[in-house]
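Asker: These are the residues of each chain, in order.
There are 2 protein chains.
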Amino acid sequence: MKEDGREFKIALLGFGNAGKAFAALLWDKLEEIRKNYRCSVLVTAIATGSRGCLINENGLDLTRALNEIQERGHFAAENPDASTFTSLEIAEKAVYDILIELTPLAIFSGQPAIDHIEAAFHRKKHVITANKGPIAWDFKRLRRLAESQGVKFCYETTVMDGTPVFNLVEDTLKLCRVTAVKGILNSTTNFILEELTKGRTYDEVIAEGKERGFVEADPSLDVEGWDAAAKTAALLNVLMDADITPDLIQRKGIEGITTKQLREADSNGKVIKLLCRGMIQNGAVVGSVGPEEIDKKELFASISGTSSVVTITTDLMGPVSVVEHDPEILQTAYGVLSDLIRVIA
Amino acid sequence: MKEDGREFKIALLGFGNAGKAFAALLWDKLEEIRKNYRCSVLVTAIATGSRGCLINENGLDLTRALNEIQERGHFAAENPDASTFTSLEIAEKAVYDILIELTPLAIFSGQPAIDHIEAAFHRKKHVITANKGPIAWDFKRLRRLAESQGVKFCYETTVMDGTPVFNLVEDTLKLCRVTAVKGILNSTTNFILEELTKGRTYDEVIAEGKERGFVEADPSLDVEGWDAAAKTAALLNVLMDADITPDLIQRKGIEGITTKQLREADSNGKVIKLLCRGMIQNGAVVGSVGPEEIDKKELFASISGTSSVVTITTDLMGPVSVVEHDPEILQTAYGVLSDLIRVIA
Numbered sequence: 018m019k020e021d022g023r024e025f026k027i028a029l030l031g032f033g034n035a036g037k038a039f040a041a042l043l044w045d046k047l048e049e050i051r052k053n054y055r056c057s058v059l060v061t062a063i064a065t066g067s068r069g070c071l072i073n074e075n076g077l078d079l080t081r082a083l084n085e086i087q088e089r090g091h092f093a094a095e096n097p098d099a100s101t102f103t104s105l106e107i108a109e110k111a112v113y114d115i116l117i118e119l120t121p122l123a124i125f126s127g128q129p130a131i132d133h134i135e136a137a138f139h140r141k142k143h144v145i146t147a148n149k150g151p152i153a154w155d156f157k158r159l160r161r162l163a164e165s166q167g168v169k170f171c172y173e174t175t176v177m178d179g180t181p182v183f184n185l186v187e188d189t190l191k192l193c194r195v196t197a198v199k200g201i202l203n204s205t206t207n208f209i210l211e212e213l214t215k216g217r218t219y220d221e222v223i224a225e226g227k228e229r230g231f232v233e234a235d236p237s238l239d240v241e242g243w244d245a246a247a248k249t250a251a252l253l254n255v256l257m258d259a260d261i262t263p264d265l266i267q268r269k270g271i272e273g274i275t276t277k278q279l280r281e282a283d284s285n286g287k288v289i290k291l292l293c294r295g296m297i298q299n300g301a302v303v304g305s306v307g308p309e310e311i312d313k314k315e316l317f318a319s320i321s322g323t324s325s326v327v328t329i330t331t332d333l334m335g336p337v338s339v340v341e342h343d344p345e346i347l348q349t350a351y352g353v354l355s356d357l358i359r360v361i362a
Numbered sequence: 018m019k020e021d022g023r024e025f026k027i028a029l030l031g032f033g034n035a036g037k038a039f040a041a042l043l044w045d046k047l048e049e050i051r052k053n054y055r056c057s058v059l060v061t062a063i064a065t066g067s068r069g070c071l072i073n074e075n076g077l078d079l080t081r082a083l084n085e086i087q088e089r090g091h092f093a094a095e096n097p098d099a100s101t102f103t104s105l106e107i108a109e110k111a112v113y114d115i116l117i118e119l120t121p122l123a124i125f126s127g128q129p130a131i132d133h134i135e136a137a138f139h140r141k142k143h144v145i146t147a148n149k150g151p152i153a154w155d156f157k158r159l160r161r162l163a164e165s166q167g168v169k170f171c172y173e174t175t176v177m178d179g180t181p182v183f184n185l186v187e188d189t190l191k192l193c194r195v196t197a198v199k200g201i202l203n204s205t206t207n208f209i210l211e212e213l214t215k216g217r218t219y220d221e222v223i224a225e226g227k228e229r230g231f232v233e234a235d236p237s238l239d240v241e242g243w244d245a246a247a248k249t250a251a252l253l254n255v256l257m258d259a260d261i262t263p264d265l266i267q268r269k270g271i272e273g274i275t276t277k278q279l280r281e282a283d284s285n286g287k288v289i290k291l292l293c294r295g296m297i298q299n300g301a302v303v304g305s306v307g308p309e310e311i312d313k314k315e316l317f318a319s320i321s322g323t324s325s326v327v328t329i330t331t332d333l334m335g336p337v338s339v340v341e342h343d344p345e346i347l348q349t350a351y352g353v354l355s356d357l358i359r360v361i362a
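Protein chains in written order, with the numbering used here: chain C, 18 to 362; chain R, 18 to 362.
Worth double-checking, as some hints may not be accurate.
Identical copies go unnamed one by one, so any copy, or any two together, can satisfy a pair.
Pairs of lysine-lysine, BS3-like flavour, derived with a Cα cap of 27 angstroms [unchecked claim]:
(1) Lys52 to Lys169
(2) Lys313 to Lys191
(3) Lys287 to Lys313
(4) Lys277 to Lys314
(5) Lys26 to Lys287
(6) Lys314 to Lys227
(7) Lys314 to Lys26
(8) Lys287 to Lys215
(9) Lys215 to Lys110
(10) Lys52 to Lys313
(11) Lys287 to Lys314
(12) Lys269 to Lys215
(13) Lys52 to Lys157
(14) Lys215 to Lys314
(15) Lys277 to Lys169
(16) Lys169 to Lys313
(17) Lys169 to Lys191
(18) Lys26 to Lys46
(19) Lys26 to Lys191
(20) Lys110 to Lys314
(21) Lys313 to Lys215
In short, the hints are calculated from the structure, not lab data.
Pulled out of the complex, with its shape left as it was, chain C reads as follows (with noise of 0.2 angstroms):
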């Protein structure tokens, strides 16, 4: 299988939605990596948190995984693959080339994402986190320890999916310097403000958004600006060369907006949205979230539903926006898919 000798073992840290649906479509492009990229990939270890653990330095069998996680919600027992490895023990001990960060966001330290990451490259591997934990609170030590250690960082997949972001300014912007970001980053805050306005309840909102799935069981931390602090944080740190975390960020939430105001809005042509933004101020970087309201007209009006939106600005290209259209669970593969090709090419 292997061609010209290059062969890239994969531990993947996470099998929830988006692991899956990555470790699908890698299934799929198996061939046509191996054919454009001149390597073969092989997925070497996954990690759960309570689904159990598949090891097997030589390749897991992709499809009887998925197919146990579908059938039985865990890993079986009789897999051969199966091990009782914890996340960070496959990070430390388990034989990879490029760690995969899948496991859930934990919002207010990052951890134990940043431990997992920190494991890899203290072995000179590479690491691809579609978990913005690390890259809110830990970016810059993360992205020195990367560079210090010759491996590779990726990471589009924490805004927007698989929507160019990161690498959008990093390979299609270059020589320019990111002054400002702004965005609509967070779906739930979007979907329960343009659902409040044409009247339905709080309630009513929130449990369509459950069903729907992009709503959390807890939706407070959507509500309270955190998930959308913790984006712009993210971006600040890559685009814009800060050293900011979620809780620095100047945060506001939509929990005090009323049907009345999203109404009033709307009669002056205006529509409610919870704004990012990131921006120079007396030399330093600084970023907010908080509602703002827009005019009908703008472009950021427009942004609806699951739908998100963030405009870069930069000294040569002036402003530039960039739009994701009602992303699903492929959306999310691909952003890790893309950030694996970037490791691999």
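Using the hints provided, position chain R relative to the given structure of chain C.
Answerer: Chain R only, in chain C's frame:
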């Protein structure tokens, strides 16, 4: 001046607004390019249609060239680098590594830009073009020629200035297949339709557009959709592997749109925009340009004045939209500079 022995000599064909802005930007960034990419860049030839020509294989004095054009409207006869070469002679005979094609667009043929580019490729020189003619009329043949000669062919600026469109797909959407494109890509018609809706007359609007510099002396190529058709052909040729020309794009201009229609659409919550579309029909790539009604809540309705948008739909990332806001000449210059970085990096 040389570092690592790498030196790139540039021949500039065309020294209008874009050429001058590029020369000024390049001058400003020379030191940064030298530092970041460990190479030196110098301009060894500048050709114009009617304002003279300069050649010096050791590098022209760019500041002097810019000043002469600024002060006299043409290169000075006493400039020691003055020459009588034509653009084609520069392409064929001057000493350079990279040809930058910035001559005026000939929308019905792509000439003489195609001949300039071909001459460079035959000499195994890299080509950057901001002139969309060659991409709209003869892309496949030129790309094959570049490949067979082992040189680079870059054309980001041909659609939406320096906004990442072609590079977006090539660099950041790897493994994705483009299945459709949709855009608002002609400023003149976008501006006319908006202003007519406000009740102004066609003549007033055209006069203002000319004064502001984005409406041509003869606006008919814009109004009849030819400019949009050329951009659509360029998008389809590059992104969807088509082999199409502007005359094969199904084309309808805005000349038949009346103020009454615009007002009626407006009162129905809609706007009329000139839309470019490309898609796959029965296995073949087809393109169209024509006015369409758009709901005011949609993203495309928010694209006003000289702003533009393209939505690129791929199999793996769904639709992703990129918006350029109120571009000026610096954004064109940056597009050429970003292609230059692709060649030298």
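Asker: Run every hint past the structure and note whether it holds.
Answerer: How the hints compare with the structure:
{"no.": "1", "hint": "Lys52 to Lys169", "result": "both (22 angstroms within a copy, 22 angstroms between copies)"}
{"no.": "2", "hint": "Lys313 to Lys191", "result": "neither (33 angstroms within a copy, 35 angstroms between copies)"}
{"no.": "3", "hint": "Lys287 to Lys313", "result": "both (5 angstroms within a copy, 13 angstroms between copies)"}
{"no.": "4", "hint": "Lys277 to Lys314", "result": "both (21 angstroms within a copy, 21 angstroms between copies)"}
{"no.": "5", "hint": "Lys26 to Lys287", "result": "neither (51 angstroms within a copy, 53 angstroms between copies)"}
{"no.": "6", "hint": "Lys314 to Lys227", "result": "between (30 angstroms within a copy, 25 angstroms between copies)"}
{"no.": "7", "hint": "Lys314 to Lys26", "result": "neither (49 angstroms within a copy, 47 angstroms between copies)"}
{"no.": "8", "hint": "Lys287 to Lys215", "result": "both (14 angstroms within a copy, 20 angstroms between copies)"}
{"no.": "9", "hint": "Lys215 to Lys110", "result": "neither (53 angstroms within a copy, 68 angstroms between copies)"}
{"no.": "10", "hint": "Lys52 to Lys313", "result": "neither (48 angstroms within a copy, 45 angstroms between copies)"}
{"no.": "11", "hint": "Lys287 to Lys314", "result": "both (8 angstroms within a copy, 12 angstroms between copies)"}
{"no.": "12", "hint": "Lys269 to Lys215", "result": "within (23 angstroms within a copy, 38 angstroms between copies)"}
{"no.": "13", "hint": "Lys52 to Lys157", "result": "between (35 angstroms within a copy, 23 angstroms between copies)"}
{"no.": "14", "hint": "Lys215 to Lys314", "result": "both (19 angstroms within a copy, 15 angstroms between copies)"}
{"no.": "15", "hint": "Lys277 to Lys169", "result": "neither (50 angstroms within a copy, 58 angstroms between copies)"}
{"no.": "16", "hint": "Lys169 to Lys313", "result": "neither (42 angstroms within a copy, 44 angstroms between copies)"}
{"no.": "17", "hint": "Lys169 to Lys191", "result": "both (19 angstroms within a copy, 18 angstroms between copies)"}
{"no.": "18", "hint": "Lys26 to Lys46", "result": "within (15 angstroms within a copy, 41 angstroms between copies)"}
{"no.": "19", "hint": "Lys26 to Lys191", "result": "between (31 angstroms within a copy, 20 angstroms between copies)"}
{"no.": "20", "hint": "Lys110 to Lys314", "result": "neither (55 angstroms within a copy, 53 angstroms between copies)"}
{"no.": "21", "hint": "Lys313 to Lys215", "result": "both (15 angstroms within a copy, 17 angstroms between copies)"}
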